[in-house]
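Enquirer: Produce the entire structure from the sequences given, and follow the hints as far as they go.
Protein chains: 2
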Amino acid sequence: LATADKARLEEIFEPLHAADLADMLEQVDQRERREILLLARDVFDGEILSELDESLREEAIEFLPDDVVSEAVRELETDDVVDLVEDLDEPQQEAILDALEDADRVAVEQALAWPEESAGRLMQREIVAAPEHWNVGQTIDFLRNQDELPEQFYHVIMVDPRLKPTGYVTLGKLLGAAREIPLTELCEDTFRPIRVTQPEEDVAYAFNQYHLISAPVVDEDDRLVGVITIDDAMVVLDEEHEEDILRLAGVGEATSLSDRVIETTKTRFPWLFVNLITAILASLVIAQFEATIAQFVALAVLMPIVASMGGNAGTQALTVAVRALATKDLTSSNLWRVIKRETLVGLANGLAFALIMGVVGWIWFGQPMLGAVLAIAMVVNLVIAGLAGILVPVSLEKLGVDPALASGAFVTTVTDVVGFFAFLGLAGWMLL
Amino acid sequence: LATADKARLEEIFEPLHAADLADMLEQVDQRERREILLLARDVFDGEILSELDESLREEAIEFLPDDVVSEAVRELETDDVVDLVEDLDEPQQEAILDALEDADRVAVEQALAWPEESAGRLMQREIVAAPEHWNVGQTIDFLRNQDELPEQFYHVIMVDPRLKPTGYVTLGKLLGAAREIPLTELCEDTFRPIRVTQPEEDVAYAFNQYHLISAPVVDEDDRLVGVITIDDAMVVLDEEHEEDILRLAGVGEATSLSDRVIETTKTRFPWLFVNLITAILASLVIAQFEATIAQFVALAVLMPIVASMGGNAGTQALTVAVRALATKDLTSSNLWRVIKRETLVGLANGLAFALIMGVVGWIWFGQPMLGAVLAIAMVVNLVIAGLAGILVPVSLEKLGVDPALASGAFVTTVTDVVGFFAFLGLAGWMLL
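In order, the protein sequence lines correspond to chains A and B. Residues in the first sequence are numbered consecutively from 55, following this note's numbering. Residues in the second sequence are numbered consecutively from 55, following this note's numbering.
No lab work stands behind these hints, which were simulated from the structure alone. Possibly wrong hints are sitting among the right ones.
One copy or two, either will do: identical chains are not told apart, so a pair holds if it fits within one copy or between any two.
Below, simulated DSBU-like cross-link-like pairs (lysine-lysine); rule was C-alpha separation at most 35 Å, straight line [stated by the list, open to error]:
hint: 1; residue 1: Lys320; residue 2: Lys382
hint: 2; residue 1: Lys320; residue 2: Lys394
hint: 3; residue 1: Lys60; residue 2: Lys394
hint: 4; residue 1: Lys320; residue 2: Lys452
Treat the numbers as computed from the prediction; the structure is a model and nothing was measured.
Expert: Right, dumping it as structure tokens:
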């Protein structure tokens, strides 16, 4: 690569999509990345910058000459600039804002004034609106006379004289209808304005639930201030899912393969630390039964099975519950039914595995009573696992804590403690 | 509810979106659901049927009178009918197909002839295409003269005389341009045809990666056969994510809160059974050290900590790897770097927790050597966890097994076995 010359590199890059170029930059190491950036400077543009992972984006902005970055940013639409700068440090943000034309700079600053992760940050400010009393012909003539229409728009939004959106017409309907037909006749019933302060996660939910393609954004006075399109909602939905998956696995927020070792270590440490506390709590339970174990070492061999089965059953139940909360399928109206269901599922699988492990324990150590202890502990722990798997995430959600983030630790604590306690306690009582 | 009369129920339901009505039906129990379906029969339509969870959909089709179902289905676009019937049993599928008009029936049957989860199942067959040599005026006149345009279309696809798509124009550009401008001048560079046999998961990836709004679908001869729009891709993306989350947690495929207890128990059993085998393997390792534990019961108290920390570190690494594989961020070109990174992260966190647990073990049991054993075992297991967390999913992917489905069991087996073996083995060697 070091010997590849500029022209050849540009020849390779030219036909590629910015997203693929960004992926390629993410996959090489830092030294190679810098060489490529320097050599292929002329191909580098704002879109590639937008597509890069956050950490690499900061690296690239720092590394590249200021004029290359400025030029790259000036090509972007304002909502992409907002997305680009909102996570940057103050000085980097300033430098980029300074590179923008005045009008764009104001637009970006206004967007940044809205709360983080709100509809206001997500929306584009380029709106295509028409008075509600217009007909198709007037609307098309108006569109033809615009100097510049937004890159992305799928509806013409109808507004009243106070700029309040009252409906919208798809471009398909507009193109298919005769010129004299009034807009009101073509109006869509999927119309759902979004408030500018609404969290972006609710926006993504609305797009997914109601199959929206675009939605007008209104301020506190119900006045039209922007538009959100489905591609932005899709990015948010994708991020929310990614976040949920990583949080459920105890990997911090934003993470990517191009993060450095030290950063990755730091994001993973806290969850491992929480798990250590959980594990120590479980050990304290075991410590209560040291005398029992000393008399009967087979207990030490079998006890991890009970705890592990409980942990897994709990993870199953909590994952389903966390997803159901996220998709608003689990509400107060069906909570009791779901709790009953999880308890019954825990009982059913508990009985199945009690049978299996009862026989295994009996045959392995030749003691029917050991099998019985294992079986009873298994039923108890799987029922508790089901209950904890639903009650913990629901309680966390009620307390305003993200259930995806913290449920795992709590549920595992419960199943470890109950598992060891039930198994060793019963053993002490029934075997000795 | 039993006393609520039909008129009142319909009054409540009328303004609700089909998706919300379906959610409501999912949240009540079976008896209430049947009462509502019977009372509000006139509000019930194809869209509600489309929005219902799979299991409830089958229940509703079985329960409702045939003529209500037939009428509901006839209202739907053919791609929604495909989505509705593809998972139904043969007799239910037949009954619904029979209710369709001939042309629709043929369209649905053609779609069902494509492989499951392929672009052919996902696409709509209603296409808006124009010869590539047309100008804006010709295209708009053509659209105005159509009897019926598809509900959803965002581009006019340009085709050559052999019906091969050569580009597309957004409706926004079409509306903003003067009548005499040729379509070729307005052509978008995001144009990416999709092959009809491509898996729907690749389709969703392409929409997400290249920010597509719609994409033409072509057959083996490159002829235009349909269109996929972003809302369909969003549904697939959502489902793929959901599937990954559930698979990572060891909850079978399709699952929902409205599945019955027996079904839920059955879907969760296999993974718990795999986990049982894992746990028994770990127990077999412990059994090798029964004599060591009998001499020194503190080992039984501390050993779950090492295994549990390894399991969690492994889950973190494997989740990141599984996601990176799904988003195509992890490829053969950066595999070695990622392996090195995971090993270093494991080493760094291993050393951190070795320090913590070394001190805890020393203080708790008053034996510095016990602390040392705990510390060394922790480093070993966290490094192995990082390695297994990346190597297991990558190997499964290479073997054609979904890494989200099976990685967890393998990684936990490795970390349990290594954790117990390292800790108890070192203890037997250093302490006795």
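Enquirer: Using 35 Å as the alpha-carbon threshold, which applies to Lys320 and Lys382: within, between, both, or neither?
Expert: both (33 Å within a copy, 25 Å between copies)
Enquirer: Are the CA atoms of Lys320 and Lys452 at most 35 Å apart within a copy, between copies, both, or neither?
Expert: both (29 Å within a copy, 30 Å between copies)
Enquirer: When no copy is specified for Lys320 and Lys394, does a C-alpha distance of 35 Å or less occur within a copy, between copies, both, or neither?
Expert: This pair counts as between: shortest inter-copy Cα distance 17 Å, intra-copy 40 Å.
Enquirer: For Lys60 and Lys394, with the copy left unspecified, which applies at a CA distance of at most 35 Å: within, between, both, or neither?
Expert: between (66 Å within a copy, 31 Å between copies)
Hint compliance for this structure: every hint is met.
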